[in-house]
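Participant: Each chain, written out:
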Amino acid sequence: MHAFITGLQQVIYASFCLLSLLTLRDWLRHRDRPRARVAVAIGTLALVVVASDVDTLTGARYVVPAVATQVLFPWSGYAFLLVRDAFVPLRRGVRIGVGVVVGAVALSGVYFAGQTTPDGARVALPLLYYGIWLGLWSACVIEPIVKFWVVSTRRRSVQRARLRALSIGYGLVIVILAFSFATRAQATNPAVQLVIQLTSLAVVPTLYASFAPPRWLRVIWRQDEEEALAGAIHGLLLSSTDAERLLTEALDWAMRLVGADGALVRHQAGTVIAAGGLDSLSGDTISVPLTLDGEPAELVVMPGPTTPLFGADEVSRLSQFAVVLSTALERARLVESLERRVTERTEALEAKASELEAFSYTVSHDLRAPIRAISGFAQAVVEDYASSLPDGARSFIDRIAENAVKMGTLIDTVLAFSRLGRQDLMKRTVRPTEIVATVLRNRDAEIRELSVAVTVGDLPDCYADPTLLEQVYENLIGNAIKYSANVNRPLVEIGCHDSTYFVRDNGAGFDMRHAAKLFEVFQRLHRQDEFAGVGAGLAIVKRIVERHGGRVWAESEPGAGATFYFTLGSTR
Amino acid sequence: MSAAQSVEILLVEDNRDDAELALRSLSRSHLTNPIHVVKDGQEALDFMFCAGEYAHRSIDDLPKVILLDIKLPKVDGLEVLRQLKSDDRTRLVPVVLLTSSQEEKDMIAGYGHGANSYIVKPVDFQQFSSVMTSLGMYWLMLNEIPPAHA
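Chains as they are written, first to last, in the numbering used here: chain V, 122 to 693; chain F, 66 to 215.
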């Protein structure tokens with residue numbers, strides 16, 4: 122057991138030496154203040170371990186290792202406080218004040234270490250001094266441990282893990298000291314020694330992980346961010362249409378992924394396009410290629426004091442991220458240009474539409490004036506010269522007047538039809554029953570005169586523009602009456618089945634072969650002398666129904682009546 | 066029309082045919098109120114505000130009603146209407162818009178500027194008469210139209 126413990130002691134001793142060499146190498150490579158202080162802190166801690174080990178091995182006989190332990194130990198705590206200062210600055214007064222106290226304690230340690238008994242052995246340290254000595258060290262170390270932990274809670278996953286490793290590493294040293302102090306009576310007990318040594322051994326990898334985490338550990342630390350990114354990537358890269366926002370968010374993700382403190386995207390020429398976090402390049406940056414607006418650019422991430430060292434793994438992960446980002450940026454750029462083009466075309470289309478509207482307005486106004494003159498003066502001739510007109514002349518003049526009126530009606534129809542296409546729908550919940558009742562009331566005289574039997578079934582409420590729906594019923598019922606006027610017992614049936622409204626008559630009907638022409642403007646399936654009309658009614662019905670998102674169709678057979686069906690699209 | 070006689074109806078109409086048909090319709094109904102015809106918006110404004118060739122007129126000598134076409138050369142009917150209705154001296158003269166169609170746009174814009182009524186062309190006496198009645202200008206008919214059986 123003793124041999125094992127001694128062997129373990131050697132391992133710890135070697136580990137601490139190795140650890141301090143690694144921190145030294147790390148500092149030599151980067152030469153920045155935080156790393157210098159980490160190297161000093163770990164180095165002094167290693168020296169303390171070695172010195173106390175030598176002291177123990179030599180049976181505490183020699184002054185030099187003892188003095189080294191007494192002097193170095195307080196300073197190793199202070200060095201850790203300075204590490205904290207490099208990451209999270211302390212006030213200057215605190216830093217200097219604590220330095221003076223530590224210096225005083227170290228000096229008094231030299232005094233005590235120099236005291237020897239007459240037989241040459243060292244005098245045991247007074248308990249009070251021992252307490253101050255440990256207390257000071259603990260204070261210097263516990264404060265940063267707590268501080269690092271607190272700061273870590275505000276950091277992203279990778280930096281958080283690194284700060285915590287630093288906290289835990291020093292926390293373990295505190296535990297060892299506290300445990301040794303508590304069990305100092307059983308200092309030679311192998312079990313106690315074993316616990317102390319195993320814990321000491323655990324300190325080494327923990328501290329090592331804090332300043333130079335190995336690749337596999339960084340991958341584990343990054344795992345949280347990778348998972349978060351996986352959840353966010355769809356929204357970030359595939360549905361973002363704003364390239365600028367996309368870049369800002371992507372920079373944030375790039376920093377989170379590798380625990381960096383700054384990131385930027387710049388063109389090859391050096392122009393910075395977007396930046397996040399630290400604004401000046403410092404330390405050991407990673408730069409990966411990126412494509413921005415079809416041109417080569419680069420994504421650069423910068424480490425901060427609490428960033429672990431970047432390795433090949435971070436570079437490849439960022440390159441991968443940059444490829445996806447390039448694609449997303451390209452996509453956002455396309456979407457942006459597409460939107461711009463759609464806007465431009467919509468504006469052009471709207472301009473055309475209003476031009477057309479102005480044109481149709483002018484046409485209606487200007488075409489009407491000559492028609493007015495034709496019918497007005499035709500009438501004037503009749504009024505003023507009726508007695509001197511031969512019969513033939515009178516009938517020609519009447520036909521001039523009739524045609525002028527008809528032309529006026531056609532113009533009105535075209536205008537009404539074009540108005541239907543542009544006017545806003547004033548949709549609300551309407552009761553077709555009431556609308557049908559109004560239409561029938563207006564046609565009451567006609568219905569009675571032709572003795573048309575009208576039946577109205579159950580008509581469910583719908584969501585529509587009431588004025589336009591009335592126009593639909595007006596046209597359909599008007600047609601039904603008109604085309605059934607010649608049959609023996611005219612019958613018009615108005616109803617609804619499965620949200621499909623219908624108007625049925627037993628009149629002339631039509632050949633289904635011509636059904637396609639039925640709803641076209643100015644298309645008629647009957648001759649003017651059979652049934653009068655300009656052929657716009659059903660076209661208007663179709664336009665209204667389609668503007669409501671519905672559909673209209675008809676079923677018929679010549680001589681067997683016709684049924685017109687329509688739907689009104691969604692209920693809302 | 067003599068210069069001395071007060072104008073009772075001002076007809077603002079650029080279309081020769083429309084103006085003639087309107088005058089014909091009014092005269093066939095034995096409406097003998099003095100009518101003055103102007104051919105564009107600027108002339109209408111000059112007449113009302115006694116400017117240009119109408120500088121000799123007195124601004125207090127207001128017509129009883131203005132029949133105003135919407136589409137006019139130089140200054141259009143709606144602008145004439147706006148100017149008449151925004152001037153305290155002419156604000157109270159009833160303005161009847163003559164529209165070429167029932168295009169709601171004209172009507173809404175016309176009423177927005179304070180038109181008192183509108184008539185769709187060609188102006189027939191029945192419609193004119195009913196508009197006058199609704200404007201409360203019975204006297205314009207009653208005084209001037211001889212009894213039907215006179």
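Think of the hints as simulated: they come from the structure by calculation, not from any bench. Keep in mind the model is a prediction, meaning the values are calculated, not measured. Just to be clear, a hint being listed does not mean it is correct.
Unchecked claim - Simulated crosslink set (BS3-like; lysine-lysine; CA at most 25 Å straight-line):
| hint | chain 1 | residue 1 | chain 2 | residue 2 |
| --- | --- | --- | --- | --- |
| 1 | F | Lys150 | F | Lys129 |
| 2 | F | Lys150 | F | Lys104 |
| 3 | F | Lys150 | F | Lys139 |
| 4 | V | Lys473 | F | Lys104 |
| 5 | F | Lys136 | V | Lys527 |
| 6 | F | Lys104 | F | Lys136 |
Unchecked claim - Computed spacing ranges between beta-carbons, pair by pair:
| hint | chain 1 | residue 1 | chain 2 | residue 2 | range |
| --- | --- | --- | --- | --- | --- |
| 7 | F | Val158 | V | Glu570 | 43 to 53 Å |
| 8 | V | Gln544 | F | Ser199 | 19 to 29 Å |
| 9 | V | Glu476 | F | Asp152 | 26 to 36 Å |
| 10 | F | Ser199 | V | Pro491 | 50 to 60 Å |
Quick reminder that beta carbons are idealized off the backbone N, C-alpha and C, glycines included.
Participant: Does each hint fit the structure? Answer for all of them.
Facilitator: Cross-check of the supplied hints:
1. With a CA separation close to 15 Å, the supplied pair F:Lys150 and F:Lys129 stays within the 25 Å bound.
2. As the CA atoms of F:Lys150 and F:Lys104 are separated by approximately 20 Å, the hinted pair is consistent with the 25 Å bound.
3. Only pairs whose Cα atoms come within 25 Å are accepted, and F:Lys150 paired with F:Lys139 is accepted, the gap being roughly 19 Å.
4. Taking the CA atoms of V:Lys473 and F:Lys104, the gap is near 32 Å; set against the 25 Å cutoff, the hint is violated.
5. Taken as a hint, the F:Lys136 and V:Lys527 pair is honoured in the structure, with Cα atoms around 24 Å apart against an allowance of 25 Å.
6. With a C-alpha separation of about 11 Å, the suggested pair F:Lys104 and F:Lys136 falls inside the 25 Å cut-off, and the hint holds.
7. Between F:Val158 and V:Glu570 the Cβ separation comes to about 47 Å, which falls inside the hinted range of 43 to 53 Å.
8. Our hint of 19 to 29 Å for V:Gln544 and F:Ser199 holds, since their Cβ atoms are close to 28 Å apart.
9. At about 34 Å, the beta-carbon gap between V:Glu476 and F:Asp152 stays in the expected band of 26 to 36 Å.
10. Taking 50 to 60 Å as the suggested C-beta distance range, the pair F:Ser199 and V:Pro491 does not conform, at roughly 30 Å.
In this structure, the hints that do not hold are numbers 4 and 10, in rising order.
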